[in-house]
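Residue numbers for the sequence shown follow UniProt numbering, beginning at 1 and rising by one.
Check each hint, because a few of them may be wrong.
[As the list claims (entries may be wrong)] Okay, derived cross-link-like pairs now, EDC-like style, lysine to aspartate or glutamate, Cα gap no bigger than 20 Å in a straight line:
| id | residue 1 | residue 2 |
| --- | --- | --- |
| 1 | K48 | E92 |
| 2 | K73 | E60 |
| 3 | K88 | E62 |
| 4 | K91 | D68 |
| 5 | K21 | D111 |
| 6 | K100 | E7 |
| 7 | K91 | E65 |
| 8 | K73 | E56 |
| 9 | K104 | E60 |
| 10 | K21 | E65 |
| 11 | K102 | E56 |
Keep in mind that the hints were calculated from the coordinates and are not lab data.
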Amino acid sequence: MAPIHPEVLWAQRSSETEADKNLIYLTVNVVDVMSPDVKLTPSSISYKGTSANGSEYAVELEFFEDIDVENSKTIVTGRHTFFILRKKEAKEEYWPRLVKDKRKVPYIRTDFSMWVDEDEQETAPAGDDFGGYGGGMDFSSLQNQLGSAMGGLGGDAPAGPSSFGLNEDDSDDDEEEDELPELVDDAKEEGESKE
């Protein structure tokens with residue numbers, strides 16, 4: 001049986017002057033693959049792994065542009081493998097896509113929890129950039145943040161308003177709930193009007 005293509009999530013930052021802010025955040029979502037075989041080259045990534053239940057996963061991607069392998073990092077958890085890939089060429093512009101191929105790849109998706117629009121990256125709160133981990137990369141703290149951020153996806157966290165970025169205090173208590181009008185049975189109303 002052929003290996004399964006895992007879901008790949010990605011987001012990016014760009015800076016012409018600061019290499020630490022010139023990054024690709026890449027997540028390979030595979031549960032229970034603790035020792036994946038990962039090969040990073042300047043132009044590509046190859047990921048292979050077998051989960052605890054025996055499912056085989058594999059993906060190979062050719063990047064849109066080259067990355068700096070020496071200054072890129074990898075974190076493996078029980079839920080996914082996370083990469084912070086430094087772009088080799090410092091540019092202000094974002095990559096238009098993750099891979100060279102212009103065709104849509106169904107298992108590659110934008111990581112909206114990490115994404116910041118190109119024109120808003122200077123004003124984005126630090127939390128959107130993992131608290132500045134692009135440079136110093138304190139992975140012990142990053143792993144805790146990743147676990148918290150991914151909690152709603154793995155079933156560990158309850159699905160309440162806070163799981164979706166809403167606080168229970170966000171509701172407007174001053175407004176009364178609109179009451180719905182009573183439903184009237186048309187057939188009954190017709191019978192009453194004939195009498």
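Evaluation of the provided hints:
no. : hint        : verdict
1   : K48 to E92  : violated, 33 Å
2   : K73 to E60  : holds, 18 Å
3   : K88 to E62  : holds, 14 Å
4   : K91 to D68  : holds, 14 Å
5   : K21 to D111 : holds, 17 Å
6   : K100 to E7  : holds, 18 Å
7   : K91 to E65  : holds, 11 Å
8   : K73 to E56  : violated, 23 Å
9   : K104 to E60 : holds, 15 Å
10  : K21 to E65  : holds, 16 Å
11  : K102 to E56 : violated, 27 Å
Checked against the numbered hints above, the structure breaks hints 1, 8 and 11 and satisfies the rest.
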